[in-house]
Amino acid sequence: MTTLEQVRKRAEADAKTYGYYLTPQPELLQGFLEGLKINEDRYGYPLCPCRLTSGKFEYDRDIICPCDYRDPDVAEYGACYCRLYVNKEVYESKNLPEVPERRPLEKQGRAYGIDAAKQAPPQGTQEKPPTPAPATTQAEKAKTEVKKKLWYCKQCGYVVFREDPPYICPICKAKKEMFAEVESKIEFNG
Amino acid sequence: MTTLEQVRKRAEADAKTYGYYLTPQPELLQGFLEGLKINEDRYGYPLCPCRLTSGKFEYDRDIICPCDYRDPDVAEYGACYCRLYVNKEVYESKNLPEVPERRPLEKQGRAYGIDAAKQAPPQGTQEKPPTPAPATTQAEKAKTEVKKKLWYCKQCGYVVFREDPPYICPICKAKKEMFAEVESKIEFNG
Amino acid sequence: MTTLEQVRKRAEADAKTYGYYLTPQPELLQGFLEGLKINEDRYGYPLCPCRLTSGKFEYDRDIICPCDYRDPDVAEYGACYCRLYVNKEVYESKNLPEVPERRPLEKQGRAYGIDAAKQAPPQGTQEKPPTPAPATTQAEKAKTEVKKKLWYCKQCGYVVFREDPPYICPICKAKKEMFAEVESKIEFNG
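Residue numbers (the numbering used here), protein chains in the order written: chain R, 663 to 852; chain Y, 663 to 852; chain G, 663 to 852.
Bear in mind the hints are in silico, worked out from the structure with no lab data behind them. It is possible that part of the hints are untrue.
When chains are identical, the list treats them as one kind, so a pair holds in a single copy or across two.
In silico SDA-like pairs for lysine to any residue, Cα to Cα no more than 20 Å straight-line [what the hints assert, rightly or not]:
{"hint": "1", "residue 1": "LYS837", "residue 2": "GLU720"}
{"hint": "2", "residue 1": "LYS750", "residue 2": "GLU674"}
{"hint": "3", "residue 1": "LYS809", "residue 2": "SER846"}
{"hint": "4", "residue 1": "LYS837", "residue 2": "ILE700"}
{"hint": "5", "residue 1": "LYS750", "residue 2": "ASP676"}
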């Protein structure tokens, strides 16, 4: 089982790698780290403590901390959605900004089994119980199946195997649009 | 359209990730950021503001900021070719070093449609208009076509999909020579 | 040939990327850097100065500095096995912790040609000559052949081509257990 100390060290190490800071509010920080530990013990991965789980790894993948949205959020707002990771300015000012949910409605809808076009996105906290997913037919299942592809950053060549490319290339900071699919070709002569 | 503020934040975030600083001269910094913004608006990618574009993404790829040469240049000279990215020592001394062009002549020649062996490399700035590429025959085109391969760092396993490996592995800092091609093998039984 | 200055700059740059520090003891630091330079000149790669070489790149790969074990060691003990890389706390306290050898016995056994189950792991320094590997039969060779696979981090999609996944994902800090093999599928229609 992961200890709270390990969770804290991992978050600190990751913050340093990216030049970030952990939230300047000690009580908040303690709460986030405990939330991450609880989620890791419960689900096997440190799910974002500010969002609901779908109960399916493939649908939660983008909101495992550090989530897919942290880097663009810190770049744009100075903090991630949770305000666990912040930039230097926010850290020193201690004024936590409002950070809107960047997670696409389609992913929220898929995760929570709702029609994103009709309903408002769930605004969960770890205290609230996850919305149970309604029974899905085989056809619906196939429709929402997660297909991974090999993507590469056209700028620096960084390769990832994911459903879709990251918002920002972690190596060269290029935007999502700079990613393309690695296509392989097999030729037969005869 | 990318705002100047977004360009500045992206450069700052990238500098922090790698332990670099942005140039200590405020007017230079402003000029670089504006140059990057202009290039991104014009070409769709933040081309190095100190080099000429070829007009072809595939030929410019290595000089999109942060360019392929930044990391070896900061390691060797304390600053990149532009002196946009500098190390702590240079940042504090405010003495910008001379940094020679590390971009191989072949790539310059290919980009600008000149024979690198015969002519001096162009020393461009964004103000100068790009040298128009002369008409190329089909044969010449095929000859200069950019072929990407899957490379891996033999030290840490980092994988990239590029024409050739990076100068330095961004993960473990191994040199270019430590990269090899990922070879795939398909076996048939019958 | 790599200069001592290049070795020092590479280590400093890598420490900064990950938010680490180099050992606070100047004599130790000098010794490590010289050891790394000697190893790089001798073997072609900067083998860990605190461990023995097997003489085979494939068997030494995990102990090329920065070794595979550095990141989990700094996370858990505040320093790598050598104590070349340390965290801020250790750097400021100047108290170097004891760091046990995390390298698996199987890899030590394979590298030094000993049966890991029967013998104690070698505790080498660069001064000691490497244990000569006993003659191996063709069958034994095949058994210990290093097979590389394409792995990806299920959390962030990071891809590596290695014998086994890294201890910690260098991009999102997920644990080894979050890595899975990239499986490719080729379909024929006819």
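Results for each hint:
no. : hint            : in the structure
1   : LYS837 / GLU720 : between (23 Å within a copy, 17 Å between copies)
2   : LYS750 / GLU674 : both (14 Å within a copy, 11 Å between copies)
3   : LYS809 / SER846 : both (17 Å within a copy, 12 Å between copies)
4   : LYS837 / ILE700 : between (33 Å within a copy, 16 Å between copies)
5   : LYS750 / ASP676 : both (15 Å within a copy, 14 Å between copies)
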